[in-house]
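> So the protein sequences, as listed, match chains Y and P.
The opening residue of the first sequence carries number 3 in our numbering; numbering runs sequentially from there.
The opening residue of the second sequence carries number 151 in our numbering; numbering runs sequentially from there.
It cannot be assumed that every hint is accurate.
Just so you have them, the derived chain Y footprint on chain P, three or more residues with Cβ under 8 Å [what the hints assert, rightly or not]:
#, stretch
1, 156-163
2, 177-186
3, 210-221
4, 244-253
5, 271-282
Just so you know, these hints were derived from the structure itself, not from any lab.
Glycine included, every Cβ here is placed at the ideal spot set by N, Cα and C.
Residue strings, one per chain:
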Amino acid sequence: MPTAAQLFAAYFQVGISGFGGANAWARHVVVEKRGWLTDAEYAQRLGLGQVLPGPNAMNCAIIIGHEFAGVPGSIAAVTGMFAGPLSLLCGLAALYDRYGELQTVRAALAGVAAGAAGMMLGTALKLARRSRPTWPMWAVLAAALGASMADVPIGWILLVLGPLGILTARMERA
Amino acid sequence: MNELWALMTGLAPLSLMAVGGGTTVLADMHRLIVEQHGWMDDAAFARRYALAQAAPGPNILVVGLFGWHVAGPLGVIGATLAMCGPAFLLALGFAAMRRRLEGARWLRVAERGLVPMAIGLAAASALHLGGAAVAAWGPQPIVGAAIMVVTAAVVFFTKRSPLWMLAGGAVLGVLLIG
Numbered sequence: 003m004p005t006a007a008q009l010f011a012a013y014f015q016v017g018i019s020g021f022g023g024a025n026a027w028a029r030h031v032v033v034e035k036r037g038w039l040t041d042a043e044y045a046q047r048l049g050l051g052q053v054l055p056g057p058n059a060m061n062c063a064i065i066i067g068h069e070f071a072g073v074p075g076s077i078a079a080v081t082g083m084f085a086g087p088l089s090l091l092c093g094l095a096a097l098y099d100r101y102g103e104l105q106t107v108r109a110a111l112a113g114v115a116a117g118a119a120g121m122m123l124g125t126a127l128k129l130a131r132r133s134r135p136t137w138p139m140w141a142v143l144a145a146a147l148g149a150s151m152a153d154v155p156i157g158w159i160l161l162v163l164g165p166l167g168i169l170t171a172r173m174e175r176a
Numbered sequence: 151m152n153e154l155w156a157l158m159t160g161l162a163p164l165s166l167m168a169v170g171g172g173t174t175v176l177a178d179m180h181r182l183i184v185e186q187h188g189w190m191d192d193a194a195f196a197r198r199y200a201l202a203q204a205a206p207g208p209n210i211l212v213v214g215l216f217g218w219h220v221a222g223p224l225g226v227i228g229a230t231l232a233m234c235g236p237a238f239l240l241a242l243g244f245a246a247m248r249r250r251l252e253g254a255r256w257l258r259v260a261e262r263g264l265v266p267m268a269i270g271l272a273a274a275s276a277l278h279l280g281g282a283a284v285a286a287w288g289p290q291p292i293v294g295a296a297i298m299v300v301t302a303a304v305v306f307f308t309k310r311s312p313l314w315m316l317a318g319g320a321v322l323g324v325l326l327i328g
């Protein structure tokens with residue numbers, strides 16, 4: 003079981019490398035590198051993090067931190083995740099107003115963004131395969147994907163597909 | 151100081167409304183920062199959002215950039231605390247409750263049941279971001295799409311760190327469209 007200090011270190015790594023959002027990196031560090039959770043376990047905590055209000059990655063870090071090291075674990079994970087990027091952003095904020103319009107900067111950012119999107123997609127695919135969905139679960143997954151692509155408000159998606167998803171999990175156990 | 155206070159009291163209620171991720175309340179932030187207080191214009195707001203997306207770390211850190219603009223370094227901390235604090239406390243309470251209920255059957259069912267929706271939403275964010283990223287490649291969308299597909303394959307089939315793919319994307323971007 004990781005200690006609060008190990009959680010801080012792991013989430014510091016998540017924060018500092020988390021281009022394009024932190025969820026994909028959190029999975030990479032917590033599942034692939036440290037082996038603290040399996041993909042299926044990580045996916046469950048991601049689901050909880052999405053249902054709770056606030057940033058998903060933060061909610062996930064709070065849940066995972068608490069699980070391993072109580073309240074200090076949650077605080078360590080969240081501060082670890084925010085510490086690096088926050089200080090970096092302060093520096094960037096000053097530079098960006100001056101150089102953000104440069105074509106070179108834009109081109110590099112476009113390249114990073116394409117990679118980040120691929121990373122998120124690969125993470126979703128891997129989580130889907132490893133969590134072994136039943137076919138009704140695949141249907142809920144596809145519906146969430148389709149609804150979100152069609153810009154259905156997130157509140158409605160959670161309200162309708164959340165309970166439907168739980169129903170599919172009940173069917174599986176029955 | 152008054153400005154920072156206005157920003158913080160404007161952001162704090164959004165914290166608990168941001169169901170499904172911090173940036174779902176982006177439109178409300180825009181209302182607060184651009185329309186209501188006029189702290190920056192549309193373009194400056196959009197640039198900061200793009201920067202937070204591109205920079206490492208949770209995307210919600212964009213509020214830190216707004217805070218910087220309104221009140222400097224202290225604004226970064228104030229805005230981040232206001233946006234994340236209330237949700238942090240709620241999630242902490244939930245995490246504690248979850249551990250007390252450990253092993254309860256209904257909780258296990260609920261947790262397993264939320265997985266498909268979570269993955270579907272994550273895949274949709276990937277495609278949303280991917281669409282915007284590929285469009286940013288202008289005349290060579292195919293290269294952007296290829297970077298995306300190859301990175302997805304590396305993550306799916308290997309345990310390697312995708313950091314090299316992101317760095318490679320940046321280099322290709324500078325070489326081809328810079």
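> Taking a Cβ-to-Cβ distance below 8 Å as contact, does the stretch 177-186 of chain P have at least three residues touching chain Y?
violated (count 0)
> With a cut-off of 8 Å between beta carbons, are at least three residues of the stretch 244-253 of chain P near chain Y?
holds (count 5)
> Can the stretch 271-282 of chain P be counted as covered by chain Y under the rule of three residues or more with Cβ-Cβ separation shorter than 8 Å?
holds (count 11)
> Checking C-beta pairs, does the stretch 156-163 of chain P have three or more residues closer than 8 Å to chain Y?
violated (count 0)
> Can you take a look at whether the stretch 210-221 of chain P is actually covered by chain Y? Rule is 3+ residues, C-beta closer than 8 Å.
holds (count 6)
The structure fails hints 1 and 2 (numbered hints given earlier, in ascending order).
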